Amino acid sequence: MFTLPVSKLNDLFAAVASTRKLYLPVDDEASGHAEYKVWHEGVTLSNALNTARSAKDFFFPQTENLVDFKMEGKTIEVIDTRTESEDFVVFGVRACDARSFDILDRVFLAEPVDSYYKNRREHGVIVTLACTRPEETCFCTVFGIDPTNPAGDVSGWIAGENLYLSANTEKGEAFLSSVSKLLAESDDEAVKAQQAEVKEILKKLPLGSLDLTPFKPENLLKLFDSKRWKDLSEACLGCGSCTFVCPTCQCYDIRDFDTGHGIKRYRCWDSCMYSDFTRMAHGNPRLTQVERFRQRFMHKLVYYPSNNEGIYSCVGCGRCLAKCPISMNIAKVIKALGEEA
Amino acid sequence: MQSEMIKRAKELLASGEVARVVGWKAGEFDYDITPGVFTTAEELDSAFLYNDLCEANLSKYMIAQSRKEGKTLVFLKPCDTYSFSQLLKEHRILRENVYVIGVPCDGKVDVDTVKATGLTGICSMTSDGETVTVKTLYGDSTMSKADAMSERCINCKSKKHVVYDELLGEEGDVVADNHRFDMVEKIEAMTPDERFEFWRNELSRCIRCNACRNVCPACSCEKCVFDNEQSGAFNKGASDSFEENMFHIIRAFHVAGRCTDCGECSRVCPQNIPLHLLNRKFIKDINELYGEYQAGENADERAPLNTFTTEDVEPSIVYERGGKQ
Ligand code: SF4
Ligand code: SF4
Ligand code: SF4
Ligand code: SF4
Ligand code: SF4
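In order, the protein sequence lines correspond to chains A and B. Everything in the first sequence is counted per the working numbering, starting at 2 for the first residue and increasing by one. Everything in the second sequence is counted per the working numbering, starting at -9 for the first residue and increasing by one.
It should be emphasised that the hints constitute simulated quantities derived from the structure, not laboratory data. All of these numbers come straight from a predicted model, not from anything done at the bench. Be a bit skeptical, because a hint or two may be false.
To be verified - With beta-carbon atoms standing in for the labels, derived distance ranges:
{"id": "1", "chain 1": "B", "residue 1": "T30", "chain 2": "A", "residue 2": "G209", "range": "30 to 38 Å"}
{"id": "2", "chain 1": "A", "residue 1": "N308", "chain 2": "B", "residue 2": "G159", "range": "48 to 56 Å"}
{"id": "3", "chain 1": "A", "residue 1": "D103", "chain 2": "B", "residue 2": "T107", "range": "30 to 38 Å"}
{"id": "4", "chain 1": "A", "residue 1": "T82", "chain 2": "B", "residue 2": "S194", "range": "45 to 53 Å"}
{"id": "5", "chain 1": "B", "residue 1": "T107", "chain 2": "A", "residue 2": "K205", "range": "15 to 23 Å"}
{"id": "6", "chain 1": "B", "residue 1": "I240", "chain 2": "A", "residue 2": "D257", "range": "18 to 26 Å"}
{"id": "7", "chain 1": "A", "residue 1": "F225", "chain 2": "B", "residue 2": "T181", "range": "53 to 61 Å"}
{"id": "8", "chain 1": "A", "residue 1": "T82", "chain 2": "B", "residue 2": "F188", "range": "27 to 35 Å"}
What the hints assert, rightly or not - Straight-line distance between alpha carbons at most 30 Å, and here's what the computed DSSO-like set of lysine-lysine pairs gives:
{"id": "9", "chain 1": "A", "residue 1": "K38", "chain 2": "B", "residue 2": "K105"}
{"id": "10", "chain 1": "B", "residue 1": "K125", "chain 2": "B", "residue 2": "K79"}
{"id": "11", "chain 1": "A", "residue 1": "K204", "chain 2": "B", "residue 2": "K125"}
Glycine included, every Cβ here is placed at the ideal spot set by N, Cα and C.
Work out the full structure, taking the sequences as your base and the hints as a guide.
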């Protein structure tokens, strides 16, 4: 384990930023939220628990241009507009978001590999930061995530006056050696003490005892046919906020934008809450909001785990709890369906 | 008030006058209240709620609910009745299928406002009408209710119900001396460049989640232009700042003259974008150019933007007000 006084954080950021782009959570005055921003001299790390937008944007941005086409007479020129091969570092990712990358990897890195996503994954270094003040909406522990021991290429802790860093991957080792001049070797006493302290808080999390046992492949049909979907989804606005703030939602649409003298083919996030999601010639197979709403939770809690060795595609970050305009969310769904099962 | 409401709802359900009740349902942490439909006395007893934290405007749900078999009872706060009445004016709600009970409101406590004071880990939040008690993972605290209300309630435009079949509690009055245009005036006083900067800073945070549009009672089109591939304005995600601005500008124009200033758009925006300021600019302009007008106040009166009179302002007003030629 390596350490650096918090007072020297700026030197660390400057050293990293001298070789590549460095992103970190920064307080945004207008919104009152923390958001990832590019570091430059004068930018300071936010103290907020997490960013409003998740960290998935770094690998799976909300919109990205895939390719351009230019038409001239009968010829079509295909123009490669790819830009996703810049090296970058994301500092301060929380344990839940770090786990979300594993979930996205299973989708985008499976055959056929999504080369846009893969390039970004390869060029990005993730430095995580352990949580010390979880929110009431946090339930990452339910999914076996330890917020006091976050994953990532490098795991980080801010305990007392010091930052502690420990590499988990080759990329992480290389990152630490690139800034080794600033780091000193250290034992992990302070980190252990902080972990013990935060674990006491984690025990008190109101959603820490959500029971996932009913959500298993054998129960697929029973859950699918539950009578509860109707009342749970009754007030849903079909807005898609829950999917867009979610670090693990992975659905996208590919569209062509006619610029007048060519085509820009882009992809953008999509949401199973939308009426045109997976639309086919005859329309959306999910006719009403009840089925669309059910899809979101069945996917996270049953379909995805059925295809991925039991791993749920929710990391308990709590963003959808805080952001749904009608305060309907995955925690309420888990409780309601669990009561029934 | 809550017990009176449950009592009336039960009576109306039992007599068969209404088939269902639309109200607010309790959540996990006091503040996470969900609009809900109740069909039995048991459901009402177990989850129906009305308190200082019931922020959601239930009027838009009546578009769908009024098309169901039998009458639907809905509880509306004063500001919600303006949205309801505007929807009636637009022929979106089948009035004969709705039973409206107006309920009093002296301002709602808003969890985001409370969070903005720095409190985190809020497990419970209760209000006695004067003081809000907040219990968090890191200790308890209290604050005055006024400090826990969002801007829309601080600047409430009316405590009066403009449409109802029955009222519970005391009827209030229009609040004439609210300060809802103060921030609009500040933005008007900016230079065009400052103003552009202000809005870019706000709108650049938009994640196009559509919460503002979908919650808005004025946004009730069967198919929104942004969801319609044939419209030429189809747009699921903004690819650049132009499209980011465009969505909001088009939406603001489309609700102009119909927006009642219910404040739901700003309440639900996950990115805390002050969308109400766009709508209030239109409201203020309509007031100044066509005479005082409050959308939703009167379901029978013609709206200024839909009515032609010889007194109407000329388009050249733009230059007189300092716009560029
Ligand atoms: S669950 Fe909530 S956030 Fe998700 S679509 Fe429905 S209303 Fe919107
Ligand atoms: S479903 Fe909600 S809690 Fe789970 S990962 Fe997505 S946003 Fe976070
Ligand atoms: S199907 Fe729905 S819940 Fe699943 S990843 Fe796609 S948008 Fe998210
Ligand atoms: S609710 Fe906010 S973030 Fe969502 S589309 Fe509207 S302005 Fe954008
Ligand atoms: S634009 Fe906003 S304030 Fe106006 S009616 Fe719609 S939600 Fe209400």
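Hints, verified against the model:
1. B:T30 with A:G209: 30 to 38 Å: Distance hint for T30 of chain B, G209 of chain A holds at roughly 33 Å.
2. A:N308 with B:G159: 48 to 56 Å: Between N308 of chain A and G159 of chain B, where Cβ atoms are some 54 Å apart, the hint holds.
3. A:D103 with B:T107: 30 to 38 Å: holds (36 Å)
4. A:T82 with B:S194: 45 to 53 Å: violated (22 Å)
5. B:T107 with A:K205: 15 to 23 Å: holds (22 Å)
6. B:I240 with A:D257: 18 to 26 Å: holds (21 Å)
7. A:F225 with B:T181: 53 to 61 Å: With Cβ atoms ~58 Å apart, the hint holds.
8. A:T82 with B:F188: 27 to 35 Å: Holds, since T82 of chain A and F188 of chain B (Cβ atoms, about 32 Å apart) stay within the stated range.
9. A:K38 with B:K105: Holds, at about 22 Å.
10. B:K125 with B:K79: Violated, because 43 Å separates the two Cα atoms, which is more than 30 Å.
11. A:K204 with B:K125: With Cα atoms ~17 Å apart, K204 of chain A and K125 of chain B stay inside 30 Å; holds.
Checked against the numbered hints above, the structure violates hints 4, 10; every other hint is satisfied.
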